[in-house]
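As given, the protein sequences belong to chains A and B, one line each in that order.
Be aware that the first sequence starts at 1, since it is given in my numbering, and climbs by one per residue.
Be aware that the second sequence starts at 1, since it is given in my numbering, and climbs by one per residue.
Hints are computed from structural coordinates only; laboratory data are not their basis.
Below, a sample of chain A positions facing chain B; criterion: calculated Cβ distance under 10 Å:
no. : residue
1   : R162
2   : R195
3   : I196
4   : G207
5   : L208
6   : A209
7   : E210
8   : L212
9   : V213
10  : G217
11  : A218
12  : G219
13  : A226
Where is the CB? At the ideal position from N, CA and C, for every residue including glycine.
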Amino acid sequence: MPGGTPSTTASQVASTLVLLDGRALGIDSAVQLDDRRVRVRLREPGDTAPRLFASPALAVLGNLASDPGSLSRIDLPPAEGRPPIVYLFTQSDDLRDALDRGADLVVSRDPTVVDYVANRADFAAFPLPWDRTYVLLQPPKAEPLTISGDSVRRTLARDAVRAEARPAEPPFWWDSLSACPAATDSGEQHLTASRIVYSRDDEVARGLAERLVALAGAGTSLRAAALEPAELAAALRNGTERALVIAAPRESLAPCRDALDWPPGTSIQPLIDTRARAIVRRGSPPLTVDWDGTVRVLP
Amino acid sequence: MSFQSRLFLAIVVAVLLPLGALAFGVRREMERRLTTEYENRVTSLAAVVDADLARESATIAARLSALGRDLAHDNRFRLAAVQGSPAARPYLLDYAGDAMRLSGLSLLQVQDSAGRILSSGHFRNEFDQPQPELPRLLAISPGTMTLVRTRTAEAPVLALARVDSFRVAGRRFTLVGGIRPEDRLLGTPALGGDLGIMLIYPGAEPVDSSGGRVVREIPLPYLDLLRGPASGLDTARFVVTQSLATFNALRHSVDRWFLLALGLTLALAVVVAAWLSNRVSRPIRELARKTESIDLDRLDQSFDSNRGDEIGALSRLLGAMTDRLRISSARLREAERRAAVGDLARQVNHDIKNGLAPIRNVLRHLSQVLRQDPGLLPGVFEDRKSTLESSVEYLETLARNYARLSPGMDRQPCDVNDIVRQALRNTAGDGTGLSLELSEQIPTVLGDGLMLRRILENLVGNAVDSVIGTPGGLVTVSTEPAGDNNHPVGVRIVVADTGPGMTRSELDRAFDDFYTTKSQGTGLGLSIVRRLVLDLNGTLRIETEPGAGTRVIVELPIAGTGETTG
Numbered sequence: 001m002p003g004g005t006p007s008t009t010a011s012q013v014a015s016t017l018v019l020l021d022g023r024a025l026g027i028d029s030a031v032q033l034d035d036r037r038v039r040v041r042l043r044e045p046g047d048t049a050p051r052l053f054a055s056p057a058l059a060v061l062g063n064l065a066s067d068p069g070s071l072s073r074i075d076l077p078p079a080e081g082r083p084p085i086v087y088l089f090t091q092s093d094d095l096r097d098a099l100d101r102g103a104d105l106v107v108s109r110d111p112t113v114v115d116y117v118a119n120r121a122d123f124a125a126f127p128l129p130w131d132r133t134y135v136l137l138q139p140p141k142a143e144p145l146t147i148s149g150d151s152v153r154r155t156l157a158r159d160a161v162r163a164e165a166r167p168a169e170p171p172f173w174w175d176s177l178s179a180c181p182a183a184t185d186s187g188e189q190h191l192t193a194s195r196i197v198y199s200r201d202d203e204v205a206r207g208l209a210e211r212l213v214a215l216a217g218a219g220t221s222l223r224a225a226a227l228e229p230a231e232l233a234a235a236l237r238n239g240t241e242r243a244l245v246i247a248a249p250r251e252s253l254a255p256c257r258d259a260l261d262w263p264p265g266t267s268i269q270p271l272i273d274t275r276a277r278a279i280v281r282r283g284s285p286p287l288t289v290d291w292d293g294t295v296r297v298l299p
Numbered sequence: 001m002s003f004q005s006r007l008f009l010a011i012v013v014a015v016l017l018p019l020g021a022l023a024f025g026v027r028r029e030m031e032r033r034l035t036t037e038y039e040n041r042v043t044s045l046a047a048v049v050d051a052d053l054a055r056e057s058a059t060i061a062a063r064l065s066a067l068g069r070d071l072a073h074d075n076r077f078r079l080a081a082v083q084g085s086p087a088a089r090p091y092l093l094d095y096a097g098d099a100m101r102l103s104g105l106s107l108l109q110v111q112d113s114a115g116r117i118l119s120s121g122h123f124r125n126e127f128d129q130p131q132p133e134l135p136r137l138l139a140i141s142p143g144t145m146t147l148v149r150t151r152t153a154e155a156p157v158l159a160l161a162r163v164d165s166f167r168v169a170g171r172r173f174t175l176v177g178g179i180r181p182e183d184r185l186l187g188t189p190a191l192g193g194d195l196g197i198m199l200i201y202p203g204a205e206p207v208d209s210s211g212g213r214v215v216r217e218i219p220l221p222y223l224d225l226l227r228g229p230a231s232g233l234d235t236a237r238f239v240v241t242q243s244l245a246t247f248n249a250l251r252h253s254v255d256r257w258f259l260l261a262l263g264l265t266l267a268l269a270v271v272v273a274a275w276l277s278n279r280v281s282r283p284i285r286e287l288a289r290k291t292e293s294i295d296l297d298r299l300d301q302s303f304d305s306n307r308g309d310e311i312g313a314l315s316r317l318l319g320a321m322t323d324r325l326r327i328s329s330a331r332l333r334e335a336e337r338r339a340a341v342g343d344l345a346r347q348v349n350h351d352i353k354n355g356l357a358p359i360r361n362v363l364r365h366l367s368q369v370l371r372q373d374p375g376l377l378p379g380v381f382e383d384r385k386s387t388l389e390s391s392v393e394y395l396e397t398l399a400r401n402y403a404r405l406s407p408g409m410d411r412q413p414c415d416v417n418d419i420v421r422q423a424l425r426n427t428a429g430d431g432t433g434l435s436l437e438l439s440e441q442i443p444t445v446l447g448d449g450l451m452l453r454r455i456l457e458n459l460v461g462n463a464v465d466s467v468i469g470t471p472g473g474l475v476t477v478s479t480e481p482a483g484d485n486n487h488p489v490g491v492r493i494v495v496a497d498t499g500p501g502m503t504r505s506e507l508d509r510a511f512d513d514f515y516t517t518k519s520q521g522t523g524l525g526l527s528i529v530r531r532l533v534l535d536l537n538g539t540l541r542i543e544t545e546p547g548a549g550t551r552v553i554v555e556l557p558i559a560g561t562g563e564t565t566g
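Isolated chain A, as found in the complex:
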């Protein structure tokens, strides 16, 4: 914390609020009053509290997640009226391993995991809300790639990706970015590559990029390329690629903040929405799902 102030739960909430707001949604200031209280001053009076207060980012885990890689499990003491919760950490990419190790709840977007439990009587898989929208971003000077019609989006959702997907459906939060303060242009952009790039660890984005390349036809030099997250951010910032396929949150509590990385004038074409599934072992404590897909244990 600035000035050497010890990090406390309240101070984290205050700083997170200011960070998320980005001076776009009316929060003028957030000041820590004590360990458990934060005073928020709004720029203008309103009838309801800003939706920003519902952000999962305000959830405070304290020191729990400070170094999860060094732990194999964490046993949380049971709260009043609630069952104990054990967090299991696994190095495996395959969540089926977690299920086989006795996990009661697994949230996954991998259809292989869903298929694994589809015919098993001890598990039930529940769809969670559509929480991600994959969009095609193009720098202002790039030759446009037009996604014409819903049939293409349907094909993308049905065949191009191995995920539970649907054609992207409005409303889209980025349609209201015109209300955000004008961002400064990062400078001259130089398109250098005829590529559609995506994050290396995002298989859905990869499927979408490859399908777009396939649809472009054999006579073009367009191709798909996987980039490291940092390279992808730089490509988006510098406008050096023909197009980018990235995952955006389906809902945004701070649109101006979430769109800060998108340079002004960037073309945004929504492709598909995806969602995860909660795989729950039968007989587990009752669960509920928040508006943003967060699974919580019911008291």
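Following the hints, complete the assembly by docking chain B onto the known chain A.
Only chain B this time, still in chain A's reference frame:
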């Protein structure tokens, strides 16, 4: 060029030429053998590549056939491809990718009868795209592989591909499968660094095999799908090359070593040739030096040699020749001695004649007076008595000188004009005009009066003889100081005549002993004059031209100077 230089060059060339020939031969033989070896390697590798292509073609065909049989019995494929079941569609889309990996192929595509892609292993998301030309063109050359350049999402891919087909529910489906050539051929680990396989696309420049490498080509049908729908097959080539870089490096290395050896040999040859040529030519130079020192006065040079070779033989021959020369020289000296005695006799005869001539003239005169007018005899005798006495004295002095064999020089100051007058008085005129032009300014000279008189009598005698028979012939004797009039360094005596003069050849021989143009002459006059003038440290020169007379100029140093100018 000296013999030593020739010998030196001959040795150097004799050493370098064989070495050069050896270098050339080794280089050529190495080139021939290595080139043959390289050609054999390339031919062998080309055969291996050919066999690999055939084997890979058979392998691909077998795998496609197996996949076709499996798909014909695959219900999920039937549901998706024939019935259009949405539930089975993901299976269909992922089928080619899974099958491709399981079968070890690099390219796999399933198409329906309309040429639409149902499943693609190398580019999963190109499903539903039409590409009918691929199986159609691959079927043009059944039984062989075609090199196909197609695309994936990330980059173009090159594959050796074949086509097969199968039927499900009466519908015909095609399978296109292939492997990457670089996986099996271009990356063959057995290939050495200089041995390579290249893939040459249609339209590319042919591989240059003229300089740098050995080349064998294997043609292959080629289909490029990146440029859009294709209408036919081109021809690509697998090119097996053997780089000659190692060979060239070896050749350069050999060249370098040969040059080094050549340089060392040259240096050694130069040293050896210099030593050897010097050793061989030294006796010859020694013989030349000895031979050069030989003349008639020095024939004591020894040519003894113990050598048994040609040099020794030559040395002995020269020694024998020197011995013969020594004998001949002795004989020559004896002949010269005898000739000198003869010369001396003739000179004595000449001098005595000169001394007797005035006496004879006086006696004739006295006889004439006695016959014609005896009363005048005592007067005439008294008048000519001095001539008789002078001639007798001359003869006595001459006799004393000859008695000493080597005439001595009685040097004392002499009045040249007085001696000129004595000499002319003793010379018979015979009607010849004699003129005296004596300078009274001349100094006295240091000399022998008798020698001066002999000089003048000889010169005047010759001049008088030259004008005899010449109308108006005149002999003029003149004296004058030599050098500056104020500071004379000698006396110049000129005896000039108006005779016929001498030609150049006559002048060249004028001082030779026994050379004369006169019928009664001894040919010793001018020779004696020259020796006498030289004995007096004087100089003598003759100015003459045919028809223009002759001027004999004698210059004698004045007393105290030793020699004259000019």
